[in-house]
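Here the protein sequences come in this chain order: A and B. Residue numbers for the first sequence follow our numbering, beginning at 1 and rising by one. Residue numbers for the second sequence follow our numbering, beginning at 1 and rising by one.
Hint data in this document are derived by calculation from the structure and do not stem from the laboratory. For every residue, glycine included, the Cβ atom is placed at its ideal position computed from N, Cα and C. One or more of the hints may lead you astray.
[What the hints assert, rightly or not] Derived EDC-like pairs: lysine to aspartate or glutamate, alpha-carbon spacing no greater than 20 Å straight-line:
hint, chain 1, residue 1, chain 2, residue 2
1, A, K252, B, D16
2, B, K60, A, E256
3, B, K130, A, E354
[As the list claims (entries may be wrong)] Computed, partial: chain B to chain A, Cβ under 10 Å:
hint, residue
4, A56
5, G75
6, Y101
7, A145
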Amino acid sequence: MSTAAVKLSAPVKADSKAKTKAAWNYKNNVYFLLKILFAVSGFIIAALVNTAFPQKAAVDIKNYVITAFSFNISLTMNDAYVFILAALAVIYAGAGVRAWSDNDRRKKYSKRAAFRFALGLALALWDIGGTKLQFFPQPFFPGPAQVIEAYLADSEYILQNTLYSLRLYAAGFSCGVLLGVGTGILIGWFPKVYYWVFPVLKITGVVPAVAWMPFALTLLPNSFTAAVFLIVICAWFQIAFLTAQGIQSTPKQSFEAARILGSSSVDQILHVAIPHAMPDIFTGITSANAMAFTTLVMSEMLGQPGGLGYYINQSKVWSAYYKVLAAIVIMAVLFSLINHIIGRIQKHTLRWQEGVVKK
Amino acid sequence: MSSSINIQNVDRIYTDTDGKAVQALESVDLDIRAGEFISLIGPSGCGKTTLLRLIAGLDKPQAGQLSIDERKINGASPERGYVFQQGSLFPWLDVEHNIAYGLRARGLLRQKKANVSEYIKMVGLDGFEKSYPHQISGGMVQRVAIARALINEPKALLLDEPMGALDSFTRADLQDKLLELWKEKGTTMILVTHDIDEAIYLSDRIVIMTPRPGKISRVIDVALPRPRHRGGVEFLALRREILELFELAQAQPQPEYTI
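Chain A extracted, bound-state conformation (with noise of 0.2 Å):
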């Protein structure tokens, strides 16, 4: 019986061996291979620029010293800049090769190729149309390594502004989540509740939260706690609203079900209403968490002694444009991170959903 089924599989192998061998894809290695290094030859490209091409604007290139463990490294901004270059090509071409003995991984891979390489060349662009040959209005579009040279020139300063902007979130989101998860559950819960507060929370939650700032300002007493106020206030009332609506709509055969098997009214909150409105109590964060983002840039911008909104209009004053650039792709990386971090503990909070719900 063997030798049949070894027989009759024998072509068919041969065959698909065949197959692979032809076939001009993700799955051939010299394929695989060019896609690793056209995945890197846009940062080569964009490391070449920087070097090859003379400096057209009046920029001083100053050399900055650099103590990382124990060793002085002296560098210009372009040595910086090359080195993320590389340092870019390298970390892909390492992906590149983790991926090698994995199919579906080299799938990926080859999907992200093109834009990794686009990302390269656009870097590259931006260098030739800003500092090198100054296509774009200057200092309005400094190149890549001037953005690099902020880091360089003010780390220390950038990263005292980033901490003030990321405890003033922490301080005012973490509040406006714990009131507005709160009085939402009271409004949900309580009819008397929702009669008084209910109206208020409608007329006033669609104020955005920086027109209390004058208010804010003057009346509380330092100008941390003001913005603190105001983060507070537009994740308070978001989170509340979304919070009430989800444990409004609970089936009333839920709650009739646990009384049955023995629920207090604190249990059916905490067990039946809450667990409930946990999907909607996530979208009441997700939305509110775009809306801290702005009032805290705002706030920061109109009226605190640090953070990075500060840091911003700080260089704007000085027309450093390089450094408003820094900022705002600080604020990219930090505030995509903090996205993260919450979709990561709405989907591990509401795992029960998965298969349920159209993703």
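Following the hints, position chain B against chain A.
What follows is chain B alone, placed relative to chain A:
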């Protein structure tokens, strides 16, 4: 571990969405013996679910009194377990935590942790402890609902068409499971159904109700020995008798209603 339930002269009136008063039950009297399996059967609108909800303590009667072991029924309690027709499991809890819900809510989980796996096994769901309700079949969902009610060791189990949404194979399977559990626990069982076969197959007595207003029209003793044969002569004779009560036995020449 079973209770007698006494229903005396109960009236239940509710207002519908148009604000009109509807008499759902009118002077209902019924004595349910301890450990009995009793079915409430009748066309829709006859008040069978209303009566079951009154026994559960989910609603209150406008007149009359309901008592369990001579104590007045006043509000819902774990001593009267309830299985809803569908959709009563908590979708955010897996099978294990749904079943353990009552123990946790009453603060008995630490003490009776072993019961959870015992009841999971009893309804044949071992291996599905970590599944969420939407991941298991309709029949399994109702098994979870039954186990969840029984883990509280109720004196009476109230079943509101628990098999109404199941296909006939799953239904027959669950009926046998229910009888098995009833024999093992001796709990008083009160089943609301619109399925005559199901009522005859399971019950000691069948309460026949008629609508507008909801009333008990007859109580039939099912004196058939167990296990019962769904196609047996006596079974079919009883079936015919009940069908005649509902005037469904003869083919209607000119049906007034179409279903």
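Here's how the hints hold up against the structure:
no., hint, result
1, A/K252 x B/D16, "holds (17 Å)"
2, B/K60 x A/E256, "holds (14 Å)"
3, B/K130 x A/E354, "holds (14 Å)"
4, A56, "holds (6 Å)"
5, G75, "holds (8 Å)"
6, Y101, "holds (5 Å)"
7, A145, "holds (8 Å)"
Violation of the numbered hints given earlier is absent; every hint is satisfied by the structure.
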